[in-house]
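Make the full structure from the sequences, and use the hints.
Just so we're aligned, residue 1 is where the sequence shown starts under this note's numbering, counting upward by one.
Heads up, a few of these hints could be off.
[To be verified] Here are the in silico distance ranges between beta carbons for each label pair:
#1 Ala76 / Gly17: 14 to 20 Å
#2 Asp2 / Thr58: 28 to 34 Å
#3 Asp51 / Ala23: 14 to 20 Å
#4 Asp33 / Gly70: 31 to 37 Å
#5 Asp34 / Met1: 30 to 36 Å
#6 Asp7 / Glu36: 34 to 40 Å
#7 Pro59 / Asp7: 34 to 40 Å
#8 Asp33 / Asp2: 35 to 41 Å
#9 Asp57 / Glu8: 28 to 34 Å
#10 Gly47 / Gly70: 15 to 21 Å
#11 Arg40 / Ala3: 26 to 32 Å
#12 Lys48 / Asp2: 28 to 34 Å
Simulated from the structure, these hints should not be mistaken for laboratory data.
Yeah, the Cβ is synthetic: ideal placement off N, Cα and C, and Gly gets one too.
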Amino acid sequence: MDALTRDEIDTALSALGNWEYQAGVLARLARTDDPEGLGRAFDQAAGKDRDHVDAVDTPNGLVLRVRTPGTDTVTAVDVEVAARLEQVIELGGADSVPPAPRERG
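So, in structure tokens, the structure goes:
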């Protein structure tokens, strides 16, 4: 999977309003009073791409970082994963999870 250019990342971020690009990752703060539950919802939404997601519990909520494992790059898969995580947040966090992604062929 090829790394996205900065222009491609900026275009993707326009659809991911609460996300930003920092140091080679897509990042977002997800405020929650149930970090464990929200973390499980994120794992489920990420599906087989959960290794692209790093979630760190902070006093302000979960800091999400999405990037291709082993690199400091963002790919189309990372943008797709961030969109699924954003949907979890918009749907109510731990209480609502979007359908699992379809397998890519």
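We went through each hint and held it up to the structure:
Ala76 and Gly17 have their C-beta atoms about 19 Å apart, which keeps the hinted 14 to 20 Å range intact. Between Asp2 and Thr58, the C-beta spacing of about 32 Å keeps the proposed range 28 to 34 Å intact. Checked against the hint of 14 to 20 Å, the pair Asp51 and Ala23 passes, with Cβ atoms roughly 18 Å apart. One distance hint, 31 to 37 Å for the beta-carbon pair Asp33 and Gly70, holds here, with the actual separation near 33 Å.
Range check, Asp34 to Met1: Cβ separation about 32 Å, and the 30 to 36 Å hint holds. Between Asp7 and Glu36 the CB atoms are about 37 Å apart, so this pair conforms to the stated range of 34 to 40 Å. At about 35 Å, the beta-carbon gap between Pro59 and Asp7 stays in the expected band of 34 to 40 Å. Our hint of 35 to 41 Å for Asp33 and Asp2 holds, since their Cβ atoms are close to 39 Å apart.
For Asp57 paired with Glu8, a C-beta distance near 30 Å keeps the hint of 28 to 34 Å intact. Range check, Gly47 to Gly70: about 19 Å between beta-carbon atoms, so the 15 to 21 Å window is met. Take Arg40 and Ala3: their Cβ atoms lie about 30 Å apart, and the range 26 to 32 Å holds. In this structure the hint that Lys48 and Asp2 lie 28 to 34 Å apart at CB is violated, the actual value being about 19 Å.
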